[in-house]
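Visitor: Sequence:
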Amino acid sequence: MKKTLLSMALMAASGAAVAGDYYNGRLTGMSGAGYATGGYADGVVYNPSLGAKFDEQDDFGLVFNGGVLGEDEDDLIDGLEDLADYLDELEEKTAYDYFDEIGGFDPNDPLASEQEARQLIEEEAEEAIRRLENIADKTANIGAGGSFVLALPNDLLSLSVVGKTRIEAAVQTVVNEEDYQYIRDAVGETNFDPAGLQSYGVGRGAAVSEVGLAMAKSLQTGEDSRLLLGATPKWMHVMTFVYSATVDDFEEDDFDGDEYTVETDDVNIDLGATYLCGDMRYALTVSNLISNEYETIVPGDTLEIKPRATTAVGYEGSWFTAEVAADLNTSPNFATGQETQFVRAGAELNAFDWAQLRVGFQRDLEDNVEDTVSVGIGFSPFNVVNVDIAGFTGDGNTAGASMQLGLRF
Numbered sequence: 045m046k047k048t049l050l051s052m053a054l055m056a057a058s059g060a061a062v063a064g065d066y067y068n069g070r071l072t073g074m075s076g077a078g079y080a081t082g083g084y085a086d087g088v089v090y091n092p093s094l095g096a097k098f099d100e101q102d103d104f105g106l107v108f109n110g111g112v113l114g115e116d117e118d119d120l121i122d123g124l125e126d127l128a129d130y131l132d133e134l135e136e137k138t139a140y141d142y143f144d145e146i147g148g149f150d151p152n153d154p155l156a157s158e159q160e161a162r163q164l165i166e167e168e169a170e171e172a173i174r175r176l177e178n179i180a181d182k183t184a185n186i187g188a189g190g191s192f193v194l195a196l197p198n199d200l201l202s203l204s205v206v207g208k209t210r211i212e213a214a215v216q217t218v219v220n221e222e223d224y225q226y227i228r229d230a231v232g233e234t235n236f237d238p239a240g241l242q243s244y245g246v247g248r249g250a251a252v253s254e255v256g257l258a259m260a261k262s263l264q265t266g267e268d269s270r271l272l273l274g275a276t277p278k279w280m281h282v283m284t285f286v287y288s289a290t291v292d293d294f295e296e297d298d299f300d301g302d303e304y305t306v307e308t309d310d311v312n313i314d315l316g317a318t319y320l321c322g323d324m325r326y327a328l329t330v331s332n333l334i335s336n337e338y339e340t341i342v343p344g345d346t347l348e349i350k351p352r353a354t355t356a357v358g359y360e361g362s363w364f365t366a367e368v369a370a371d372l373n374t375s376p377n378f379a380t381g382q383e384t385q386f387v388r389a390g391a392e393l394n395a396f397d398w399a400q401l402r403v404g405f406q407r408d409l410e411d412n413v414e415d416t417v418s419v420g421i422g423f424s425p426f427n428v429v430n431v432d433i434a435g436f437t438g439d440g441n442t443a444g445a446s447m448q449l450g451l452r453f
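FYI, in our numbering the residues of the sequence shown are 45 to 453.
Take these hints with a grain of salt, some might be off.
Lysine-lysine pairs mimicking DSSO-like chemistry, simulated, CA-CA at most 27 angstroms apart [to be verified]:
1) K350 to K261
2) K350 to K208
3) K208 to K137
Restraint-style ranges between C-beta atoms, simulated for each label pair [unchecked claim]:
4) D119 to G266: 55 to 63 angstroms
5) E303 to D103: 48 to 56 angstroms
6) E133 to E307: 35 to 43 angstroms
7) D126 to E348: 20 to 28 angstroms
If you're looking for bench data, these hints aren't it; they were derived computationally from the structure. A virtual CB, placed ideally from N, CA and C, is assigned to each residue, including glycine.
Using the sequences provided together with the hints, build the complete structure.
Guide: Now the structure itself:
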């Protein structure tokens, strides 16, 4: 029965996916436009060749990133848990409890007591129905991610240890209208059992962790031009999850339970090339060169990770940086399976390498993700220690934030 519910919910899922790259505290301020203009420590997460984009004084870089994102226009997650709590309260109550709440049964006027208790029962039944209607056929999307980079730039071969984790989940409800009458008939009776409700919620998504070694080389092609080439072979751990529970038993914390997850280890590779010519930057990257599908607990349902090619052009001056980056093909979202293809644009104002202000814009050409705008600030005294904070927002109550802490010398 549970597998049948899961399959039905996956067929019905139609909510928008969460946004693209959102957990790089420095580049999120530019909406992820860092494929051509990113630095050797933060940009290598997007483009392996940027590991070779360093200055003579750069010997070491260490950065940590983290970010969260949510799209929950109707407060679905809270609504599900509030409904489950309310149904638990009703399950414990009988007609005798309602008489207690009105001050007890009056033997001198039994009809009035019964009417008053019945009115209270009907009010609580209608409140349960209202809460169920409030979560009917709604979708919410949540995501979180983090990364670290340990970069050792070198003229011979730049090396960077790169670690990333990304979690994305979509939650959807499917409400059976027969439950409304079930609640009216059962609330206040000794046989009321919330488990008899047929409405349910489903959470679907994946957690993908990666650890790789980015290798990059700079080749001089002219007096004022260089070609950077890079690759990141990486180990991947993919955990898919499909969680299903009736509305009276829905718990967000249960998503990663063993009975709902499938875990797989794999290998893959990212490639990148960047051409530097004066202040102009041109880049081409391919992430996840090897396409693969990963099973979920639902027979026939899989998570697909396939190659994503991105091209970018940017300008990088002493005080102003700007970039436009565009995906050349679609790639599926981890949580919903919907295809996405992003265009990103961002700009940065840099005050003497001590403080930065960033803005950006992101659009999904497939219209499965809300457009978002971003803003970020950074502080980098002596260009040695940096703290960068970014936030972004979009329609559908989409919002998120990220942060980076870094050390370079």
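Visitor: Now look at each hint and say whether the structure bears it out.
Guide: Evaluated hints:
For the hint pairing K350 with K261, the CA-to-CA distance comes to about 26 angstroms; that is within 27 angstroms, so the pair holds. Only pairs whose Cα atoms come within 27 angstroms are accepted, and K350 paired with K208 is accepted, the gap being roughly 17 angstroms. A C-alpha spacing of about 49 angstroms is found between K208 and K137, which places the hinted pair above 27 angstroms, so the restraint is violated. Distance hint for D119 and G266: a CB-CB separation of about 57 angstroms, consistent with the stated range 55 to 63 angstroms.
At about 49 angstroms, the CB distance of E303 to D103 agrees with the hint of 48 to 56 angstroms. For the hinted restraint 35 to 43 angstroms between E133 and E307, the CB-CB distance of approximately 37 angstroms keeps it satisfied. For D126 and E348, the hinted distance range of 20 to 28 angstroms is not satisfied, since their beta carbons lie about 35 angstroms from each other.
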